[in-house]
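Once you've looked at the hints, dock chain D against the given chain A.
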Amino acid sequence: MEEKIKNDFEKIIENSKFSNKDIELKRDFLNKFIVSGFPNKKLENWKFSDLNQIIKKNIGDLSFYTNYSIPNKLNPSIYIDGLEHNKIVFINGRIEKIDFKYEEKDKIQISDQFELKKDTKVTNSLINLNNAFANKYFKIVIKKNYSIRKPLVIYHTTNNINSKNINLRLDFVLEKNSSLKIVDIFNDQSEKNFINVFYNFELNQDSILKNYKIDQIENNNIKYSFNNIVQQENSVSETFILSSGSNFIKNEINCDLIGKYSSAFINGIFSLKQKKHHEIKTNINHLIDNTKSYQLIKSVLENESKAVYQGKIFVDSKAQKTDGYQLSKAILLNETTEFNAKPELEIYADDVKCSHGSASGSLNDDAIFYLMSRGLNYTEAKKLLINGFLLEVVEKITDSQIKNLIKNMIGLKE
Amino acid sequence: MLKINNLNAKIKNKSILKDFKLEINPGEVHAIMGPNGSGKSTLSNILSGKKGYDVSGEILFENKNLFKLETEERAHEGIFLAFQYPLEIPGVNTNIFLKTSLNAIKKARGEKELDALEFLNLVKKKAKELKFEEEKLNRQLNVGFSGGEKKKNEILQMSILQPKLSILDETDSGLDIDALRIVADGVNSLRKKDNSFLIITHYQRLLDYIKPDYVHVLINGKIMKSGGPELAIELEKKGYESYN
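Protein chains in written order, with this note's numbering: chain A, 7 to 420; chain D, 11 to 254.
Rather than coming from a laboratory, the hints here were simulated on the basis of the structure. A portion of the hints provided could be inaccurate.
Said to hold, decoys possible - Here are the simulated lysine-lysine pairs, DSSO-like style, with alpha carbons at most 30 Å apart:
(1) K160/D to K335/A
(2) K248/D to K388/A
(3) K156/A to K107/A
(4) K202/D to K389/A
(5) K135/D to K389/A
(6) K413/A to K117/D
(7) K402/A to K182/A
(8) K53/A to K318/A
(9) K20/D to K413/A
(10) K61/D to K388/A
These figures come from a predicted structure and were not determined experimentally.
Next up, chain A with everything else stripped away, as it sits in the complex (with noise of 0.2 Å):
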């Protein structure tokens, strides 16, 4: 590989305007991911989920190289509707639009030209991969004061490429009191590629961010998705996450909790068919007093697949009154499905509020049994069930618009 991964760096740099300093910078980060490769089992943190195997036995050989010169077509066909949104459309890691049209301009900063920094304080393998081929990284900033009126949707494309790496970052930046609702949908029309999406975000004082993300789409693909989320003071984010349609996705989501009466909200849902295999890894660090996380996972699982949750909390000796919880709940269909939950308190201060709990199980026969005496089949019993399960989780989303879209894309319709 390393061969390979050198001459398609190359390629890239050749047909590229970035500075010295950043190319620079870029081959540090390379010869860093060179050094280490794709996580393997051996790490802690990739001990349920293999990626380099994951990729050498549903990929195979990958092309790190991507013609970046080269738009791509749009096909609005994609585009959620019924729902006014601004908009950022990747096609195989291309920024083709990015289009706030129901925004103030001036409330909103757009660049393309930030410097990469060599000392990013969250690294893995796979950022440094990121910031080796990722594009143009896009930094926005949302003004102070200033709350987004339509939410950003942001969609990620592949059509036509194969057993590639794609790469993409975006970086936000939440002045004062602003706020922004992110909606990510991933929608592939390729298969067999490795998709490695990295976002930045500072949530300065009193701001708001509300993150969606939505893998859906049936696909044969292998994603890494990492958050990483830096809040201070009276700050609010909270990630939703629905991991249902690639072959392998693991959302991993760092949060530091760095200002006061800052909180953190995840809520996910693993909705797993065939031999699917995916994962959440957070890392909520509670760094000073009086700060707050939440996190709720459910699981429905099928056939051959696997869910894993690792779920960290960690609170520094000076997080005093800190307010943790985690709970992690799977149903699982079949006895061919595996839940793997790993929790941790990581706790060095002495007046906490932390818990933790998780469950796994089978759907209750008595439930099944109750629902058809009333007329209901299986199936429709089932399914009643489990949307049922499901709906505690959709219920946590706070962004009504966005709570209903979801649920209809579920099917969870009332």
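Then chain D, alone, in the frame of chain A:
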């Protein structure tokens, strides 16, 4: 309407019902009384098609072999079981459940399904009759309901689904006197010449409000004595001991 011949039921090799016989004609109300463990709930479960029992014998419902029908098909045919312990179903809205259920049955019978408005009008009327707080119908099915509310909800379902044969499995347990009266009124208002009831109970109490045509004493999986309403009063005085 219902003919049970030589019904034997075992669970994990333990014999529960032994050569059980019962015949219910249209319009009749039968009460089965018996001590704990006599097989009362097994009987109601088997009639509704619960899995896990090893059964032999014959059950005919309107001349159809019940053993050949799935649980939901029995509901479509008009059998209704009011559960002793109605289940809490989180995340499932009571109204939506009721509508899904009613329309599933109507569809199976080839009748016109109700639209949202028609259904709401019906459910409102029925809830009012049973003094069931309408607001509760917008909650998750039985979640956070008191014991009495759960039982009333069963009777509400019964009155909406209009079954031919209603089996009430210890519906009176956990009900206070007022709730008991409301439930009994609900049952009595459904009594018609074509509708039959099988009331399973420990106590005679419910039978003060719902007058049965026949009373049967079930002991150790067998009917030991059958008679009219006076048998319930006799049982209340003498207890089950004398039948052992």
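Tested hints:
Distance restraint check for K160/D and K335/A: the Cα-Cα separation of roughly 26 Å lies within the 30 Å cut-off, and the hinted pair is therefore satisfied. For the hint pairing K248/D with K388/A, the CA-to-CA distance comes to about 46 Å; that exceeds 30 Å, so the pair is violated. The hinted pair formed by K156/A and K107/A meets the criterion: a straight-line CA distance of about 9 Å does not exceed 30 Å. The straight-line distance between the Cα atoms of K202/D and K389/A is roughly 35 Å, outside the 30 Å bound, and the hint therefore fails.
With a C-alpha separation of about 29 Å, the suggested pairing of K135/D with K389/A holds against the 30 Å cut-off. Between K413/A and K117/D the CA atoms are separated by roughly 26 Å; this keeps the pair inside 30 Å, and the hint holds. In summary, the hint linking K402/A to K182/A is supported, as the alpha carbons are separated by about 25 Å, within the 30 Å threshold. Taking the CA atoms of K53/A and K318/A, the gap is about 15 Å. The hint holds against a cut of 30 Å.
Taken as a hint, the K20/D and K413/A pair is broken in the structure, with Cα atoms around 44 Å apart against an allowance of 30 Å. Taking the CA atoms of K61/D and K388/A, the gap is about 16 Å. The hint holds against a cut of 30 Å.
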